[in-house]
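Enquirer: For the sequence shown, our numbering assigns the number 1 to the initial residue and increments by one for each residue that follows.
Check before you lean on any hint, since a few could be wrong.
Unchecked claim - Label-pair restraints from in silico Cβ distances:
no., residue 1, residue 2, range
1, Gly59, Arg157, 27 to 37 Å
2, Asp43, Gly119, 30 to 40 Å
3, Ser136, Lys52, 19 to 29 Å
4, Gly50, Gly134, 42 to 52 Å
5, Ala103, Leu45, 43 to 53 Å
6, Ala125, Gln53, 48 to 58 Å
7, Gly57, Gly137, 51 to 61 Å
8, Gly93, Lys52, 37 to 47 Å
Simulated from the structure, these hints should not be mistaken for laboratory data. Think of the CB as a built atom: it goes at the ideal place given N, C-alpha and C, for glycine as much as any other residue.
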Amino acid sequence: MDLEQRVAELERRLAELEAAHGEGGARPAGPTPAASPVRDPGDALWALNGLKQQFAGLGAVNGGVMFTGAVRTPAGLRYEWQYGLPTDTVLDGDWEAAAESFAALGQPVRLRVLREILGGRCTAAELTALDGMGTSGQIYHHLRQLTTAGWLRTAARGRYEVPAERVVPLLVMLIAAGR
Numbered sequence: 001m002d003l004e005q006r007v008a009e010l011e012r013r014l015a016e017l018e019a020a021h022g023e024g025g026a027r028p029a030g031p032t033p034a035a036s037p038v039r040d041p042g043d044a045l046w047a048l049n050g051l052k053q054q055f056a057g058l059g060a061v062n063g064g065v066m067f068t069g070a071v072r073t074p075a076g077l078r079y080e081w082q083y084g085l086p087t088d089t090v091l092d093g094d095w096e097a098a099a100e101s102f103a104a105l106g107q108p109v110r111l112r113v114l115r116e117i118l119g120g121r122c123t124a125a126e127l128t129a130l131d132g133m134g135t136s137g138q139i140y141h142h143l144r145q146l147t148t149a150g151w152l153r154t155a156a157r158g159r160y161e162v163p164a165e166r167v168v169p170l171l172v173m174l175i176a177a178g179r
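Using the sequences provided together with the hints, build the complete structure.
Expert: Laid out in structure tokens, this is it:
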């Protein structure tokens, strides 16, 4: 199977997942079905071994990269999401396109804005009232930068939210930055 066929197969499978669980696999708050054990106690690398099997089944000879998460935010919202690509697709992609997204996260106040919004403080007024966040003009500047880069969107009049498809990737990036 050539690269185009492999990518098409991954896109097809992703579309099936999105159709089953909503775009990005995010689910609204509410009860979830009982979960099976998180891992096989005899297999310390259970997630990695499953990933290898999935990509091998697609003919991705150089493997792949995946990130996934099941998250409940401090505000009580739940998100379940996963995304993966073959290694060759990632290495051959346009890395410069990621610069704006990374740059938007490269400012401590913006990271705090995202944390506070995930925690339930969703308006510029709520954010401005917090110590160390700056003036309302500065807050609006940060909200604009995060919105332009796709890390935020306007949910309702004057309220902001982290898009469902960005919650798990944001947390993955924070984990990766700490390694």
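Enquirer: The hint says 19 to 29 Å between Ser136 and Lys52; measuring C-beta to C-beta, is that right?
Expert: 50 Å, violated
Enquirer: Using the Cβ atoms, figure out if Gly59 sits within 27 to 37 Å of Arg157.
Expert: About 49 Å separates the Cβ atoms of Gly59 and Arg157, which means 27 to 37 Å is violated.
Enquirer: Can you tell me whether the CB distance of Gly93 to Lys52 sits inside 37 to 47 Å?
Expert: 21 Å, violated
Enquirer: Tell me if the beta carbons of Gly57 and Gly137 are separated by a distance inside 51 to 61 Å.
Expert: 53 Å, holds
Enquirer: Check the following: the C-beta atoms of Gly50 and Gly134 are separated by a distance inside 42 to 52 Å.
Expert: 44 Å, holds
Enquirer: Taking the CB of Ala103 and the CB of Leu45, does the distance hold inside 43 to 53 Å?
Expert: For Ala103 and Leu45 the Cβ distance comes to about 34 Å; the hint is violated.
Enquirer: Given the hint of 48 to 58 Å, check if Ala125 and Gln53 actually sit that far apart at their C-beta atoms.
Expert: 50 Å, holds
Enquirer: Is the gap between the beta carbons of Asp43 and Gly119 within 30 to 40 Å?
Expert: Holds, at about 35 Å.
When the structure is compared with the earlier hints, violations turn up for hints 1, 3, 5, 8 and for no others.
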